Amino acid sequence: MIDILQIFLSESFWAASLRIASPLIFGVLGALLCERSGVLNLGIEGIFVVGAMTGWMAVWLGAGLWGGVLAAALAGALFGLLHAILTVPFGLSQHVSGLGITLFATSVASFTYRTALPDVTSPPRIEPFRAMDIPILSDLPFLGPVLFQQTPMTVLALVLVLVVWWVMDRSALGVAIKAVGDNPDAVNAQGLSVVGLRMGAVVAGSALMALGGAFLTMSAFDAFFFGMVNGRGWICIALVIFASWQPGKALLGALLFGMFDALQVRLQTEAGSFIPGQVFLMIPYILSIVALVIAARRADYPRALLTPWRKGQR
Amino acid sequence: MTPVLSLKNLTKRFGPVLAADDISLDLMHGEVLALLGENGAGKTTLMNMLFGQYVPDAGSVEVFDAGQPRTLPAGNAQAAIDARIGMVHQHFTLAENLSVLDSVVLGAEPLWSFRRALSPARTRLTDLMTRSGLTVPLDAKISALTVGERQRVEILKALYRDVRVLVLDEPTAVLTPQEADGLFAALRTMVADGLSVIFISHKLREVLAFSDRIMVLRHGKAVGEMPTAEADAARIIRMMVGEDHKMPDRSPGTPGDLRLHLQNLSTSGTRPLRNVTLDAHGGQIIGIAGVSGNGQTTLAQVISGLEQPSAGSLSIQGQTIDRLTPKSALAHKIGRIPEDRHHDGIVPALTVAENLVLERLDDSDVQHFGFLRKSGIAENAARLSSAYDVRGPGIAARAALLSGGNIQKLILARVIEAAPDVILANQPTRGLDFRAAAEISRRLIEARDRGAAVILISEDLDEVLALSDRIFVMHDGHCLETDSRDRTDIGYAMAGEAA
Amino acid sequence: MIEIVPRETTRPLLTALIPVIAALAALALAAIPLLAAGAPLLQAYKQMFLGVFGSFFTFTEMLTRATPLIFTGLAAAIAFRAKLWNIGGEGQLYLGALAAVWIGTGMIDGPPALMIPLVLLAGAIAGGLGMLGPAILKLRFGADEVVTSLLLNFIILIFVQMMLEGPFKDPMGLGWPQSEPIIDAAILPGLFERMRLHAGFLLAIGTALITWIITALTVWGLKARAVGENAAAARHAGIGVTRLMLIVAFASGALAGLAGVSEVAGLKGYLTSDLSPGFGYAGIVVAMLARLSPIGVVLAAIYVASVFVGADSMSRAMGVSSFLADLTVSLSLICVLLGGFFAQFRLRFRGAQTP
Numbered sequence: 064m065i066d067i068l069q070i071f072l073s074e075s076f077w078a079a080s081l082r083i084a085s086p087l088i089f090g091v092l093g094a095l096l097c098e099r100s101g102v103l104n105l106g107i108e109g110i111f112v113v114g115a116m117t118g119w120m121a122v123w124l125g126a127g128l129w130g131g132v133l134a135a136a137l138a139g140a141l142f143g144l145l146h147a148i149l150t151v152p153f154g155l156s157q158h159v160s161g162l163g164i165t166l167f168a169t170s171v172a173s174f175t176y177r178t179a180l181p182d183v184t185s186p187p188r189i190e191p192f193r194a195m196d197i198p199i200l201s202d203l204p205f206l207g208p209v210l211f212q213q214t215p216m217t218v219l220a221l222v223l224v225l226v227v228w229w230v231m232d233r234s235a236l237g238v239a240i241k242a243v244g245d246n247p248d249a250v251n252a253q254g255l256s257v258v259g260l261r262m263g264a265v266v267a268g269s270a271l272m273a274l275g276g277a278f279l280t281m282s283a284f285d286a287f288f289f290g291m292v293n294g295r296g297w298i299c300i301a302l303v304i305f306a307s308w309q310p311g312k313a314l315l316g317a318l319l320f321g322m323f324d325a326l327q328v329r330l331q332t333e334a335g336s337f338i339p340g341q342v343f344l345m346i347p348y349i350l351s352i353v354a355l356v357i358a359a360r361r362a363d364y365p366r367a368l369l370t371p372w373r374k375g376q377r
Numbered sequence: 211m212t213p214v215l216s217l218k219n220l221t222k223r224f225g226p227v228l229a230a231d232d233i234s235l236d237l238m239h240g241e242v243l244a245l246l247g248e249n250g251a252g253k254t255t256l257m258n259m260l261f262g263q264y265v266p267d268a269g270s271v272e273v274f275d276a277g278q279p280r281t282l283p284a285g286n287a288q289a290a291i292d293a294r295i296g297m298v299h300q301h302f303t304l305a306e307n308l309s310v311l312d313s314v315v316l317g318a319e320p321l322w323s324f325r326r327a328l329s330p331a332r333t334r335l336t337d338l339m340t341r342s343g344l345t346v347p348l349d350a351k352i353s354a355l356t357v358g359e360r361q362r363v364e365i366l367k368a369l370y371r372d373v374r375v376l377v378l379d380e381p382t383a384v385l386t387p388q389e390a391d392g393l394f395a396a397l398r399t400m401v402a403d404g405l406s407v408i409f410i411s412h413k414l415r416e417v418l419a420f421s422d423r424i425m426v427l428r429h430g431k432a433v434g435e436m437p438t439a440e441a442d443a444a445r446i447i448r449m450m451v452g453e454d455h456k457m458p459d460r461s462p463g464t465p466g467d468l469r470l471h472l473q474n475l476s477t478s479g480t481r482p483l484r485n486v487t488l489d490a491h492g493g494q495i496i497g498i499a500g501v502s503g504n505g506q507t508t509l510a511q512v513i514s515g516l517e518q519p520s521a522g523s524l525s526i527q528g529q530t531i532d533r534l535t536p537k538s539a540l541a542h543k544i545g546r547i548p549e550d551r552h553h554d555g556i557v558p559a560l561t562v563a564e565n566l567v568l569e570r571l572d573d574s575d576v577q578h579f580g581f582l583r584k585s586g587i588a589e590n591a592a593r594l595s596s597a598y599d600v601r602g603p604g605i606a607a608r609a610a611l612l613s614g615g616n617i618q619k620l621i622l623a624r625v626i627e628a629a630p631d632v633i634l635a636n637q638p639t640r641g642l643d644f645r646a647a648a649e650i651s652r653r654l655i656e657a658r659d660r661g662a663a664v665i666l667i668s669e670d671l672d673e674v675l676a677l678s679d680r681i682f683v684m685h686d687g688h689c690l691e692t693d694s695r696d697r698t699d700i701g702y703a704m705a706g707e708a709a
Numbered sequence: 030m031i032e033i034v035p036r037e038t039t040r041p042l043l044t045a046l047i048p049v050i051a052a053l054a055a056l057a058l059a060a061i062p063l064l065a066a067g068a069p070l071l072q073a074y075k076q077m078f079l080g081v082f083g084s085f086f087t088f089t090e091m092l093t094r095a096t097p098l099i100f101t102g103l104a105a106a107i108a109f110r111a112k113l114w115n116i117g118g119e120g121q122l123y124l125g126a127l128a129a130v131w132i133g134t135g136m137i138d139g140p141p142a143l144m145i146p147l148v149l150l151a152g153a154i155a156g157g158l159g160m161l162g163p164a165i166l167k168l169r170f171g172a173d174e175v176v177t178s179l180l181l182n183f184i185i186l187i188f189v190q191m192m193l194e195g196p197f198k199d200p201m202g203l204g205w206p207q208s209e210p211i212i213d214a215a216i217l218p219g220l221f222e223r224m225r226l227h228a229g230f231l232l233a234i235g236t237a238l239i240t241w242i243i244t245a246l247t248v249w250g251l252k253a254r255a256v257g258e259n260a261a262a263a264r265h266a267g268i269g270v271t272r273l274m275l276i277v278a279f280a281s282g283a284l285a286g287l288a289g290v291s292e293v294a295g296l297k298g299y300l301t302s303d304l305s306p307g308f309g310y311a312g313i314v315v316a317m318l319a320r321l322s323p324i325g326v327v328l329a330a331i332y333v334a335s336v337f338v339g340a341d342s343m344s345r346a347m348g349v350s351s352f353l354a355d356l357t358v359s360l361s362l363i364c365v366l367l368g369g370f371f372a373q374f375r376l377r378f379r380g381a382q383t384p
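Protein chains in written order, with my numbering: chain A, 64 to 377; chain B, 211 to 709; chain C, 30 to 384.
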């Protein structure tokens with residue numbers, strides 16, 4: 064009836080998997096940085112929206128595509144800074160602050176978009192990132208279409224996996240971030256700044272999250288819609304637990320997720336007449352919950368996650 | 211004799227409390243200075259000012275560079291580190307997810323370099339370990355280390371930074387007597403090399419054996435200072451407490467019927483029990499000695515009904531219990547004083563009165579058809595807080611506002627008022643001052659004399675020796691009775707070695 | 030160098046006023062987006078005020094809007110008190126509405142005295158089950174309920190859409206994905222002629238009162254507080270923590286489910302997939318503004334509803350985007366967080382002149 068094997072052998076399926084995974088890669092890496100330092104960032108969903116809107120609007124205003132990427136990252140960093148101030152030096156509830164950031168960031172983005180474009184009925188389009196065409200590489204059989212005919216933002220996501228891996232596993236900074244997420248007193252006793260490290264990680268992580276949003280408006284689509292993020296941020300929060308806070312596994316988790324999503328789109332076209340389309344739409348969310356349940360028992364949470372730290376207090 | 215560090219007239223006030231009152235202290239090159247005092251005497255406040263955690267209200271910290279005094283900027287943690295002063299806290303400050311090497315190097319290497327220079331660090335550390343005799347596997351994760359090894363990492367961290375002054379806060383609290391001796395031997399080597407040590411403790415025996423000079427603090431004041439050679443124990447205790455200190459009087463208990471019986475009991479999970487057999491009779495205090503982390507917590511969890519055994523049996527008054535829960539433990543008249551009184555003993559956000567009825571919320575003087583009887587709860591609280599001398603801002607105030615000693619008295623009142631047949635007291639006097647500790651000990655003896663079986667778990671061997679009618683020693687999940695009352699014998703048993 | 034120092038004295042009056050100050054601060058901060066949108070400030074604020082307090086009708090409209098917010102606010106408040114992070118109020122609301130429509134569109138036909146309680150019960154059970162799931166996943170597998178309850182919102186909404194295009198679809202609905210109308214017997218009656226305010230509002234106030242009585246006066250409320258504040262000590266004291274968490278989860282979900290019943294049986298009459306403009310999420314803000322007090326929830330819901338209704342009216346009159354309301358409400362949450370912080374701590378600026 065449905066030739067699943069054929070789907071798995073097609074280049075377009077794998078290319079689509081990586082494309083769908085790209086925004087999640089940014090998001091999971093961002094969440095990983097925040098949580099490794101001991102701060103849960105539930106602002107992620109709103110920061111995705113801000114990234115999507117800002118990136119798109121910067122390009123629409125003529126900043127150029129990479130200008131848009133930069134603008135999105137800066138906007139994400141700004142909301143990350145707000146979350147960092149509330150949760151790190153002020154030590155407020157990371158849950159509540161994060162949800163507040165999501166509501167705030169989403170409404171700022173929506174209000175700005177609506178105020179800048181009060182009268183449009185169909186969203187204006189930009190010229191988004193195009194698929195790359197690299198001589199020789201893009202023409203390779205199979206690997207060419209899957210890896211080298213993606214947009215530059217997908218490549219950026221893959222490069223960032225390497226960067227984050229290097230920082231976390233190979234650099235002194237990574238050791239300090241891991242330590243501050245495990246026992247801030249240890250970091251403080253060694254003369255490093257707990258507040259500085261955590262705020263830095265949250266701001267940088269939030270910038271990465273915003274890139275995930277920007278991917279949606281500048282690479283996957285070419286316009287901004289309300290509700291286009293549609294829970295992708297929350298999925299990243301589930302995936303980072305699944306990935307045990309490791310960049311390599313984060314990539315793997317995002318790719319697995321992309322695969323399932325690409326598969327469901329293909330199954331939907333084949334089985335559309337038998338099963339209501341909504342069943343397939345639910346799959347990504349159900350999968351995220353399943354991934355979380357599988358990972359939760361053996362999850363090795365950063366020990367200081369959710370615990371605020373104040374100097375001179377134990 | 212050249213000075214290396216000088217604290218001058220340090221004073222710190224917290225609200226109405228004068229935590230440090232005009233304390234001055236000089237530390238010489240190659241000297242071991244013991245700082246003695248009860249909890250709240252000002253030792254921690256003093257050290258926090260030295261390390262820049264607190265800004266003193268008056269006074270200053272001076273270090274000597276080539277004989278010249280230099281004042282450290284107040285409230286600057288980095289300044290103390292730069293002046294090569296290091297501290298090993300009582301609660302270790304180690305991140306468990308790092309390797310030993312990373313833990314030591316953290317903070318001593320630039321954060322923003324592209325590559326790390328780990329091999330010179332490794333060479334230097336190996337050298338330090340050979341010289342000091344403090345060896346640890348450099349690539350092991352901290353989480354895999356024993357408590358003794360973690361302490362060595364803490365000291366190596368300081369030595370790696372080339373400290374000239376090392377402050378040790380209660381360094382032997384978590385060690386067996388033999389491990390402590392090893393630590394002192396290593397420190398001796400380093401002191402001979404020119405290190406100066408400030409040694410904070412309340413264990414007189416160690417202070418007398420190891421230090422060169424003793425300084426006693428009480429209520430934020432320096433009340434006495436003497437060379438160790440001239441010190442005598444009774445005089446120091448008088449200085450610390452301000453009065454003659456007596457352990458509570460204790461006559462031997464008269465054993466009654468068998469109350470709680472563990473037979474070949476084992477657990478799975480972390481820090482498991484291995485084949486533990488223990489019988490607790492009414493009218494006796496059973497002391498369980500051992501270094502923390504050898505299964506005492508698990509044993510307490512099992513008796514409290516918080517963890518289920520994987521093998522063996524538990525019986526109460528001769529009746530075998532299949533599945534003990536905290537609720538059924540209470541129903542079987544087992545009173546529990548938990549190890550971590552803040553974490554397991556009270557709900558800090560509830561009032562003192564509410565905490566006093568927390569274990570009997572379904573009783574008829576507490577509730578009526580599910581509605582709380584505020585008057586009954588308040589009467590109970592008024593009665594107990596005066597009978598057990600729970601002091602604080604009142605019974606309607608949040609329990610969080612009580613001091614550690616008063617929290618412990620609250621828990622004790624709740625436990626003893628339920629007239630238990632068995633009392634499990636896990637580290638009941640940890641962190642308390644002499645007076646509060648003596649009061650708790652007295653109440654436990656009183657309960658025993660009324661016929662309760664008391665199981666006292668303590669890492670303070672002196673306390674176990676002073677209070678117990680029978681002594682068990684825990685090591686690596688085993689729990690064996692010993693007839694010996696000799697510290698050395700028990701010390702070997704604590705380390706898992708036959709004497 | 031900025032230092033954070035605990036305040037030595039707390040002023041109870043000031044602490045009690047924090048939500049009020051935060052709400053006012055958020056309204057004041059709304060001037061920034063208003064200016065950015067080029068609206069004349071005074072006129073805009075005036076329009077917002079009149080949009081709520083301009084007439085008895087507008088006032089009842091605001092109360093109509095506050096009704097679901099009271100329910101979802103209570104849902105968040107009782108869960109958060111027990112440190113159970115139920116962020117799934119939106120989904121539970123839809124589950125409640127779906128159950129109400131299932132029972133109330135003619136499956137059973139009885140007198141209102143029977144039908145209304147039945148519909149309410151069905152909605153409450155459906156919502157309760159909706160939160161029981163994440164709670165069980167948390168207690169059994171350790172899966173973070175924040176993420177599961179959030180993701181469940183999306184699943185439930187898609188499920189509702191599927192039902193509305195499938196078995197629940199109104200054959201007379203001209204092809205629109207909407208349910209059949211609820212039968213008259215199951216409709217929550219209106220309170221005033223020609224106004225939309227319905228009995229659901231009274232029900233919400235009553236529910237808030239009952240919730241207050243349970244949390245403040247009963248043993249069960251004390252146990253729930255003990256579990257929320259220190260689960261380890263509660264367990265040690267023999268309180269059945271797991272059972273209590275499940276009850277709290279069910280009750281929280283049930284309250285959110287009632288919001289759905291109230292909207293569908295009191296206001297709309299039939300179910301569509303845009304029944305709620307985010308009442309579940311706004312409930313979190315309401316609960317935080319109320320500092321998790323059930324009585325406070327009523328007041329906070331009235332404030333949040335006023336912002337929504339007022340901003341809507343201002344938006345229609347002056348052409349400023351109605352997202353201003355969401356912006357103001359989210360700002361209120363951030364302000365109340367900050368207020369809670371500054372009630373306990375103050376900042377001390379420390380330069381070179383250290384003592």
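Any given hint could turn out to be false.
As the list claims (entries may be wrong) - The calculated lysine-lysine pairs, modelled on BS3-like cross-linking and capped at a C-alpha distance of 30 Å, are:
#: 1; chain 1: B; residue 1: Lys-537; chain 2: C; residue 2: Lys-198
#: 2; chain 1: B; residue 1: Lys-537; chain 2: B; residue 2: Lys-218
#: 3; chain 1: B; residue 1: Lys-431; chain 2: B; residue 2: Lys-218
#: 4; chain 1: C; residue 1: Lys-297; chain 2: B; residue 2: Lys-584
#: 5; chain 1: B; residue 1: Lys-431; chain 2: B; residue 2: Lys-413
#: 6; chain 1: C; residue 1: Lys-297; chain 2: C; residue 2: Lys-198
#: 7; chain 1: B; residue 1: Lys-584; chain 2: B; residue 2: Lys-537
#: 8; chain 1: B; residue 1: Lys-584; chain 2: A; residue 2: Lys-312
#: 9; chain 1: B; residue 1: Lys-543; chain 2: B; residue 2: Lys-584
The hints are simulated quantities; they were obtained by calculation from the structure and are not laboratory data.
Every value quoted in this text rests on a predicted model; they were computed, and no experiment measured them.
Violating hint indices (sorted, rising): Hint check: 1, 2, 4 and 8 fail, others pass.
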